[in-house]
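**Q** Using the hints provided, position chains E, V and Z relative to the given structure of chain Y.
Number of protein chains: 4
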Amino acid sequence: MEAVPLAVETDFDVRYAETDAMGIVHHSAYIVWFEEGRSAWFRERLADHRGYALMEDEGYFFAVTGVSARYVAAARYGDRIRVRTWISAVRSRGMTVSYRVSNVATGQLLCKGQTTHVCLDQHGHVVAIPVHWAAKLLS
Amino acid sequence: MEAVPLAVETDFDVRYAETDAMGIVHHSAYIVWFEEGRSAWFRERLADHRGYALMEDEGYFFAVTGVSARYVAAARYGDRIRVRTWISAVRSRGMTVSYRVSNVATGQLLCKGQTTHVCLDQHGHVVAIPVHWAAKLLS
Amino acid sequence: MEAVPLAVETDFDVRYAETDAMGIVHHSAYIVWFEEGRSAWFRERLADHRGYALMEDEGYFFAVTGVSARYVAAARYGDRIRVRTWISAVRSRGMTVSYRVSNVATGQLLCKGQTTHVCLDQHGHVVAIPVHWAAKLLS
Amino acid sequence: MEAVPLAVETDFDVRYAETDAMGIVHHSAYIVWFEEGRSAWFRERLADHRGYALMEDEGYFFAVTGVSARYVAAARYGDRIRVRTWISAVRSRGMTVSYRVSNVATGQLLCKGQTTHVCLDQHGHVVAIPVHWAAKLLS
Numbered sequence: 001m002e003a004v005p006l007a008v009e010t011d012f013d014v015r016y017a018e019t020d021a022m023g024i025v026h027h028s029a030y031i032v033w034f035e036e037g038r039s040a041w042f043r044e045r046l047a048d049h050r051g052y053a054l055m056e057d058e059g060y061f062f063a064v065t066g067v068s069a070r071y072v073a074a075a076r077y078g079d080r081i082r083v084r085t086w087i088s089a090v091r092s093r094g095m096t097v098s099y100r101v102s103n104v105a106t107g108q109l110l111c112k113g114q115t116t117h118v119c120l121d122q123h124g125h126v127v128a129i130p131v132h133w134a135a136k137l138l139s
Numbered sequence: 001m002e003a004v005p006l007a008v009e010t011d012f013d014v015r016y017a018e019t020d021a022m023g024i025v026h027h028s029a030y031i032v033w034f035e036e037g038r039s040a041w042f043r044e045r046l047a048d049h050r051g052y053a054l055m056e057d058e059g060y061f062f063a064v065t066g067v068s069a070r071y072v073a074a075a076r077y078g079d080r081i082r083v084r085t086w087i088s089a090v091r092s093r094g095m096t097v098s099y100r101v102s103n104v105a106t107g108q109l110l111c112k113g114q115t116t117h118v119c120l121d122q123h124g125h126v127v128a129i130p131v132h133w134a135a136k137l138l139s
Numbered sequence: 001m002e003a004v005p006l007a008v009e010t011d012f013d014v015r016y017a018e019t020d021a022m023g024i025v026h027h028s029a030y031i032v033w034f035e036e037g038r039s040a041w042f043r044e045r046l047a048d049h050r051g052y053a054l055m056e057d058e059g060y061f062f063a064v065t066g067v068s069a070r071y072v073a074a075a076r077y078g079d080r081i082r083v084r085t086w087i088s089a090v091r092s093r094g095m096t097v098s099y100r101v102s103n104v105a106t107g108q109l110l111c112k113g114q115t116t117h118v119c120l121d122q123h124g125h126v127v128a129i130p131v132h133w134a135a136k137l138l139s
Numbered sequence: 001m002e003a004v005p006l007a008v009e010t011d012f013d014v015r016y017a018e019t020d021a022m023g024i025v026h027h028s029a030y031i032v033w034f035e036e037g038r039s040a041w042f043r044e045r046l047a048d049h050r051g052y053a054l055m056e057d058e059g060y061f062f063a064v065t066g067v068s069a070r071y072v073a074a075a076r077y078g079d080r081i082r083v084r085t086w087i088s089a090v091r092s093r094g095m096t097v098s099y100r101v102s103n104v105a106t107g108q109l110l111c112k113g114q115t116t117h118v119c120l121d122q123h124g125h126v127v128a129i130p131v132h133w134a135a136k137l138l139s
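Residue numbers (my numbering), protein chains in the order written: chain Y, 1 to 139; chain E, 1 to 139; chain V, 1 to 139; chain Z, 1 to 139.
Excised from the complex, chain Y in its bound form (with noise of 0.2 angstroms):
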């Protein structure tokens, strides 16, 4: 049996400032809603608030080196958005996100993405994530 990677859900309210002259939100604003989805995460995984902020405090970092998204229907001022939000891999140096973006009200799904990180430490290079980091990644 393979293990089902658990994913964690945010919900919140589009901004103004991330709708653009087309009426609709701004493509770039989901790259910046799929990092709040990561930190979600963080923060309901280790139930602290303070979440992935506490890895930082220990001097590490998960630096992105590739994102991709797939634009299905658009979201506009006054809509209600949902992240859900989930580690699809775990390698020795880096790890994969994955990231479903909806419509509350309607379930629709808006977009769909990936990004893709390796671990530094506080000097900026690569580094193997710390072990009871991993097992936090992976549990």
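Don't read these hints as lab results, they were simulated from the structure. Remember, predicted model here, so these are calculated numbers, not experimental data. Any given hint might turn out to be false.
Simulated pairs of lysine-lysine, DSS-like, Cα-Cα distance not exceeding 27 angstroms [stated by the list, open to error]: (1) 136(Z) / 112(Z); (2) 112(E) / 112(Z); (3) 136(V) / 112(Y); (4) 136(Y) / 112(Y); (5) 112(E) / 136(E); (6) 136(V) / 112(V).
Covered by chain Z, according to a simulated footprint, are these stretches of chain V (three or more residues, beta-carbon under 8 angstroms) [as the list claims (entries may be wrong)]: (7) 31–38; (8) 94–101; (9) 107–116; (10) 128–138.
The beta carbon of each residue, even a glycine, is placed where N, CA and C say it ideally should be.
**A** Here is chains E, V and Z on its own, set in the frame of chain Y:
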């Protein structure tokens, strides 16, 4: 007796994208947070999650004519933020909205500010705030 | 012989607001830089500073349907950035645009990416790219 | 005779991401433009493209303590923007910077504003502006 304007509070987490190379939240993010406070005010007062979007649906807009902010203390990634928003003045064709941004965990004041707005119709002309909207602003 | 697509370069300075608490430019800023590269492509190819805005004036839009980026090295405040942009594919109803972001002073590659687009009319329907615009994209 | 402070101008194009659903540039973008004007001031006055980054290299920072803006007319995608920036006051531990944002093609004033700053050292303490930096600000 002077009426105390009704304030609405909304809480959210600092987004990593909102931080800057000083390690703190960039001052422009607070301007977006003011707007999010304003959005929350409309959502709560109208008891409808679309809030201010309903006013735009009717062809009226509150354009921003001025903004001011005074920064008192820094916010960081990992902090939870509270924006307290109230309408401090309503005029025939506009309004002034006030904001108090604080750290939820410590209660510390981070930033105070105001925005001024004029009411525009869909042709971009300054017009009187429609009566039923003015009533909501004053309630 | 295969035609080499014409590339357009645009240079600008990192904005402080684009940095994050890691001290480097936030990954979402590159998505905005891609768009700025795309804008520069249209401005230069149309020899008109309004560029792509002219296409919107005619009621056509290139909505973003996908984005991908691979981050190779970090940019910092104080760096001057070059975005090289070319249209790597044109289809009846859409196009793919490619980007190479580098550091002007060192020539170092910072980021590579692509965006995909469909052509919409003013009602939001996917339509064929108008012939005179397709001709410009292919030139 | 009173000295007229030296102003620096920088021009750039509106980014699509800076527009909002009203079809105009979002008011928070001007706060980022003010900062870009400030960056341009330092780059030109120091005759070094790293500009203000050189001050941060020495461990000094100008934290923003206040911002105000008055919006006069809207900017749109396709507009070229000019930010005129000058240092309107220098104090022992801080400064005030003023901005005038206009449309390059028409010369129309779009926005006026000011930011206030205090000088911090690398520990985040408010300190006197180092003499050689104060001299540059006053020149």
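**Q** Mind listing which of the numbered hints don't hold for this structure, in increasing order?
**A** 3, 8, 9 and 10
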